[in-house]
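Colleague: Residues per chain are reported as follows:
Number of protein chains: 2
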Amino acid sequence: MRVVVDVMPKPEILDPQGQAVAGALPRLGFHGVTAVRQGKHFELEVDDTVDDETLAKIAEGFLANPVIEQWTVRRVDA
Amino acid sequence: MRVVVDVMPKPEILDPQGQAVAGALPRLGFHGVTAVRQGKHFELEVDDTVDDETLAKIAEGFLANPVIEQWTVRRVDA
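For the protein sequence lines, the chains are D and Y, in the order given. Those letters in the first sequence? Residues 14 to 91, by our numbering. Those letters in the second sequence? Residues 14 to 91, by our numbering.
With the rest of the complex left out, here is chain D (with noise of 0.2 Å):
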C-alpha cells in the first residue's frame, strides 16, 4: 500500500522558496497566482502490518519537523 505524506511549513513560517516563485512569475509573464507554498512530498510503500499509529510516528518523527511543518498523512490505492 502506498502512503502519502505531504509536509508544508506551518503557516506563520516564512517560505522563502515560495516566495520567490510568487515572485518571479509575474516578471517571467505569468500572473494570476497570488501565493506559492513549498513543502514536501512523500511518498512510502508499506506493508500491511504497518498501522496508522506507526505512520503517524513516523511523519512526525522523521519526515517533518514539528516546530515549523505541518504535515498530512494519507493512504492511497497504488
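Just so you know, the hints here were simulated from the structure itself, not pulled from any lab data. Among the hints, a few may not be true.
[As the list claims (entries may be wrong)] Have a look at the derived ranges for each label pair, beta carbon to beta carbon:
# : chain 1 : residue 1 : chain 2 : residue 2 : range
1 : Y       : ASP65     : D       : GLN32     : 16 to 26 Å
2 : D       : ASP64     : Y       : THR62     : 27 to 37 Å
3 : Y       : PRO29     : D       : VAL89     : 16 to 26 Å
4 : Y       : VAL80     : D       : GLN83     : 17 to 27 Å
In this text, a Cβ means the ideal position worked out from N, Cα and C, and glycines have one as well.
Place chain Y on chain D using the hints.
Modeller: Structure of chain Y alone, referenced to chain D:
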C-alpha cells in the same frame, strides 16, 4: 482557488533523500516500510484568470525539472 503541484523524481532517478529515510527507519525500530521517495509539494493560490494551460506551463517550467522529475497538477477546494 488553490492548486497543488506534486513533483517527484522520475522512477529511474536515484533518490538519496528517500533512500536515507527508508534505510534509517528499520534501525529506528520501524519495520514494514519498503520504499520511500521524496519530492516537492507546492500549493499555489490562483485567481480565476489562470487556466489549465498556464498552470501546466508554470509547473513544467518553474516548479519541476522535466529532465529528472515528473509532476501532477490538480485544483483543490480551499
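Colleague: Each hint needs a verdict: does it hold in this structure or not?
Modeller: We went through each hint and held it up to the structure:
For ASP65/Y and GLN32/D, the hinted distance range of 16 to 26 Å is satisfied, since their beta carbons lie about 24 Å from each other. Between ASP64/D and THR62/Y, the C-beta spacing of about 45 Å breaks the proposed range 27 to 37 Å. At about 24 Å, the beta-carbon gap between PRO29/Y and VAL89/D stays in the expected band of 16 to 26 Å. Evaluation of the 17 to 27 Å hint for VAL80/Y and GLN83/D yields a failure: the beta carbon distance comes to about 31 Å.
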